[in-house]
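Engineer: Sequence:
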Amino acid sequence: MQKVRDIEMASQVAYLSPRIEKILKAIWPGAVTVVLNKKEILSDILTANQKTIGLRIPDHQISQSLANELDFPLTATSANLSGQPASGQIKEVIEQFKGSLAQPDLVLDAGDLSPSQPSTVIDLKDSQLRILRVGPVTKEELLKMLEIK
Numbered sequence: 142m143q144k145v146r147d148i149e150m151a152s153q154v155a156y157l158s159p160r161i162e163k164i165l166k167a168i169w170p171g172a173v174t175v176v177l178n179k180k181e182i183l184s185d186i187l188t189a190n191q192k193t194i195g196l197r198i199p200d201h202q203i204s205q206s207l208a209n210e211l212d213f214p215l216t217a218t219s220a221n222l223s224g225q226p227a228s229g230q231i232k233e234v235i236e237q238f239k240g241s242l243a244q245p246d247l248v249l250d251a252g253d254l255s256p257s258q259p260s261t262v263i264d265l266k267d268s269q270l271r272i273l274r275v276g277p278v279t280k281e282e283l284l285k286m287l288e289i290k
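Note that our numbering has the sequence shown beginning at 142, numbered continuously upward.
If you're looking for bench data, these hints aren't it; they were derived computationally from the structure. You may find that some hints are simply not true.
Ranges between beta-carbon positions, derived for each pair [as the list claims (entries may be wrong)]: (1) Asn190 with Leu287: 27 to 35 Å; (2) Gln225 with Leu247: 13 to 21 Å; (3) Val248 with Asn190: 26 to 34 Å; (4) Ala251 with Pro159: 33 to 41 Å; (5) Val275 with Lys163: 17 to 25 Å; (6) Arg271 with Asn190: 19 to 27 Å; (7) Gly240 with Leu284: 42 to 50 Å; (8) Lys163 with Gly240: 45 to 53 Å; (9) Glu288 with Glu210: 32 to 40 Å; (10) Lys239 with Ser158: 39 to 47 Å; (11) Asn178 with Glu288: 20 to 28 Å; (12) Gln202 with Asn178: 24 to 32 Å; (13) Leu273 with Gln205: 18 to 26 Å.
Here are the simulated BS3-like cross-link-like pairs (lysine-lysine), alpha carbons at most 25 Å apart as the crow flies [said to hold, decoys possible]: (14) Lys166 with Lys192; (15) Lys180 with Lys192; (16) Lys280 with Lys163; (17) Lys285 with Lys166.
None of the values given here were measured: they were computed from a predicted structure. No residue lacks a Cβ here, since even glycine has one placed at the ideal position from N, Cα and C.
Construct all of the structure, not just a fragment, from the sequences and the given hints.
Structural biologist: Now the structure itself:
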């Protein structure tokens, strides 16, 4: 997943139609990751040879501060190994990755974070909204944000 500063930055790495831009304005920032068709500027290594990219504008102060200072998207993932529980405590995160080939290059200590669900994931690559994973933002909340009945 790539964290972007704003919709303009998202448009640098993914194809956005006016309809998609309208949807993004309604749901971002927040706990919604959007799958879009990627632009060729993105390396296949970054997207595991997929033609799509997951983008998000988080509503977390530190993430927003970092994004505002950078002229490029940040690649990020959850702070846990696949199949392992996520943690909001830095000591637990470091311990989980200790000795792993997947050990992160950098971990920012923002203090203890309250437990949270993985983001809601929606697919907009064909301009039709499909929910791939329900997280903190429910289907009903999405429909209300988008004023879809």
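Engineer: Hint compliance check: list the failing hint numbers for this structure, sorted ascending.
Structural biologist: Every hint satisfied by this model.
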